[in-house]
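2 protein chains.
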Amino acid sequence: MMSSTGSFVMRLSEVARDVEACLEALLSDEARGGEMARPARLLSAMRHAALGGGKRLRPFLTIETARLFAREGEGPLRAGAAIELLHCYSLVHDDLPSMDDDDLRRGQPTVHRAFDEATAILAGDALQALAFEVLADPATDPDAAVRAELVLGLARASGLGGMVGGQQLDLAAEGRYGEAVLAEEDIRRLQMMKTGALLTFSVEAGAILGRADAAARNALRTYGRALGAAFQVADDILDREASAEALGKRTGKDLEKGKATLVDHLGMEGAKRECRRLVAEAQDALASFGAKAEVLRDAVRFVAEREV
Amino acid sequence: MMSSTGSFVMRLSEVARDVEACLEALLSDEARGGEMARPARLLSAMRHAALGGGKRLRPFLTIETARLFAREGEGPLRAGAAIELLHCYSLVHDDLPSMDDDDLRRGQPTVHRAFDEATAILAGDALQALAFEVLADPATDPDAAVRAELVLGLARASGLGGMVGGQQLDLAAEGRYGEAVLAEEDIRRLQMMKTGALLTFSVEAGAILGRADAAARNALRTYGRALGAAFQVADDILDREASAEALGKRTGKDLEKGKATLVDHLGMEGAKRECRRLVAEAQDALASFGAKAEVLRDAVRFVAEREV
Numbered sequence: 028m029m030s031s032t033g034s035f036v037m038r039l040s041e042v043a044r045d046v047e048a049c050l051e052a053l054l055s056d057e058a059r060g061g062e063m064a065r066p067a068r069l070l071s072a073m074r075h076a077a078l079g080g081g082k083r084l085r086p087f088l089t090i091e092t093a094r095l096f097a098r099e100g101e102g103p104l105r106a107g108a109a110i111e112l113l114h115c116y117s118l119v120h121d122d123l124p125s126m127d128d129d130d131l132r133r134g135q136p137t138v139h140r141a142f143d144e145a146t147a148i149l150a151g152d153a154l155q156a157l158a159f160e161v162l163a164d165p166a167t168d169p170d171a172a173v174r175a176e177l178v179l180g181l182a183r184a185s186g187l188g189g190m191v192g193g194q195q196l197d198l199a200a201e202g203r204y205g206e207a208v209l210a211e212e213d214i215r216r217l218q219m220m221k222t223g224a225l226l227t228f229s230v231e232a233g234a235i236l237g238r239a240d241a242a243a244r245n246a247l248r249t250y251g252r253a254l255g256a257a258f259q260v261a262d263d264i265l266d267r268e269a270s271a272e273a274l275g276k277r278t279g280k281d282l283e284k285g286k287a288t289l290v291d292h293l294g295m296e297g298a299k300r301e302c303r304r305l306v307a308e309a310q311d312a313l314a315s316f317g318a319k320a321e322v323l324r325d326a327v328r329f330v331a332e333r334e335v
Numbered sequence: 028m029m030s031s032t033g034s035f036v037m038r039l040s041e042v043a044r045d046v047e048a049c050l051e052a053l054l055s056d057e058a059r060g061g062e063m064a065r066p067a068r069l070l071s072a073m074r075h076a077a078l079g080g081g082k083r084l085r086p087f088l089t090i091e092t093a094r095l096f097a098r099e100g101e102g103p104l105r106a107g108a109a110i111e112l113l114h115c116y117s118l119v120h121d122d123l124p125s126m127d128d129d130d131l132r133r134g135q136p137t138v139h140r141a142f143d144e145a146t147a148i149l150a151g152d153a154l155q156a157l158a159f160e161v162l163a164d165p166a167t168d169p170d171a172a173v174r175a176e177l178v179l180g181l182a183r184a185s186g187l188g189g190m191v192g193g194q195q196l197d198l199a200a201e202g203r204y205g206e207a208v209l210a211e212e213d214i215r216r217l218q219m220m221k222t223g224a225l226l227t228f229s230v231e232a233g234a235i236l237g238r239a240d241a242a243a244r245n246a247l248r249t250y251g252r253a254l255g256a257a258f259q260v261a262d263d264i265l266d267r268e269a270s271a272e273a274l275g276k277r278t279g280k281d282l283e284k285g286k287a288t289l290v291d292h293l294g295m296e297g298a299k300r301e302c303r304r305l306v307a308e309a310q311d312a313l314a315s316f317g318a319k320a321e322v323l324r325d326a327v328r329f330v331a332e333r334e335v
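Residue numbers (this note's numbering), protein chains in the order written: chain A, 28 to 335; chain B, 28 to 335.
Pulled out of the complex, with its shape left as it was, chain A reads as follows (with noise of 0.2 Å):
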């Protein structure tokens, strides 16, 4: 596949920089605890699970988005931030013996590895209060309408309804309480749920944070959808596709599990044409933001042709 713009890249890694600098300081020994200590070992895995590592998309997404409304600076990095270390939560628990079973994660021990179980259980759960605490916070932005806003899509996207509720379904897919055929409808709403309400959230939280009108959100929110969409497809033809090495991770997971995917459905050429017309989705949407929006469309084709 093509291989996304230099200049994409470099922007990609410069955002991730400063989100890695972000999350550093708010997971820092000296930060801000109120009046109670925080416990050392606790702390520790929540920086093993959220520093040093990942593409940072999520954040890029809502920074990149904020940016098309000329908002840039601490308010949109907080919030991006805040996405992360809720995705980051989310990894955690899904490394768990009890769900994904994974030693690994992005070539290091996973957070039960490294720690404890208890311990991991725990970070997430931490994680997870952190994320609305730097949404809340007056830092974030100064219109405390704009943070509840942020607060209550991040709930709605990570909860019952989005992620949280999409890994529930991911786990019914491996057959684990009772048959699961999944038709191709059924795989699309799990991925909806599963990794796209957050990526589609990261992209809204940039127009909440930019307060553009109804017409941008929704044109955003197109964008955001097609996005995620395009994220699982090229997931699933990763999954099938990418060499051990590649990923860092064990592949053919989903194989092996006997989980079915949409490559199963629409087979491999069909997938990659899916992918495509995501991609084309996704940038059509933009086109009344003209030439700024362009980092947006390179996103898109970023996500869809990724190869780790």
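By construction, these hints were calculated from the structure, which means they are not laboratory data.
Do not rely on the hints blindly, as some may be mistaken.
Stated by the list, open to error - To spell it out: a stretch of chain B is covered by chain A in this simulated footprint if at least three of its residues, at any positions, have a beta carbon under 8 Å from a beta carbon of chain A; those stretches are:
1) 35-46
2) 69-79
3) 137-151
4) 194-205
5) 258-265
We put the beta carbon where it would ideally sit given N, CA and C, even for glycine.
Based on the hints, put chain B in the right spot on chain A.
For chain B alone, kept in the frame of chain A given last:
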């Protein structure tokens, strides 16, 4: 011990009924879930965790504190229900095999026993998200600044520097991560985090909803902290004294785990004296509210003298 007044107990159960109805509505099949469905198994597990039990002490504190400022109805009820959801999530996770490994909670199978471990972890995660969703929703308060302040307060009370951090310290106190010898001060800090922070916030949430001025908020914070501390000393006393039938769970667990409590440091009589001192401190903090704070004075006596 002296029993609480009949009118207080009636009021407590009246509020518990309202809270139950509110939680039932929030966790109903028909409740709004955006465009996405709510996975049935996960919703069942959340209902198992949150419905049909408990004194609903935390919502009671929120509702009765808000009432001091003539604020009643849907807002305080929803805020109280949100805090209860947070509390219920913590119970689900604390009961897990890798944590306290409990099979029973209020005489019923714990969530991971009634469902499975993965579902219990996810149910806790989704209950936490729902707690923040409820607080951030305009139905809880028309003023977004109030909603954002509630979210911030709950996140701080429940995260790394509060409830979850306290649970981590509690695991360490069992000697899991090396020998642990807790001084009296360490135990007080652990208890203030694990249980006290959320109880204190339950009171504070009522003050926030009631637009209390700084003096009233300070007084109520003192009340909440003393109440939280009394709750834990009473818990330590109960753990040593109560029978298995009365508690509906295994007792003497602290002893069994070799965990030091305040009873070890103060002796049984000293712990009871400390409990009475905290009750008086809490009640004294309410002096400026006069007769209308009587129910809150009853509440702290109830907390200190509870037998189940």
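Of the numbered hints stated previously, which ones are contradicted by the structure, given in increasing order?
1, 5
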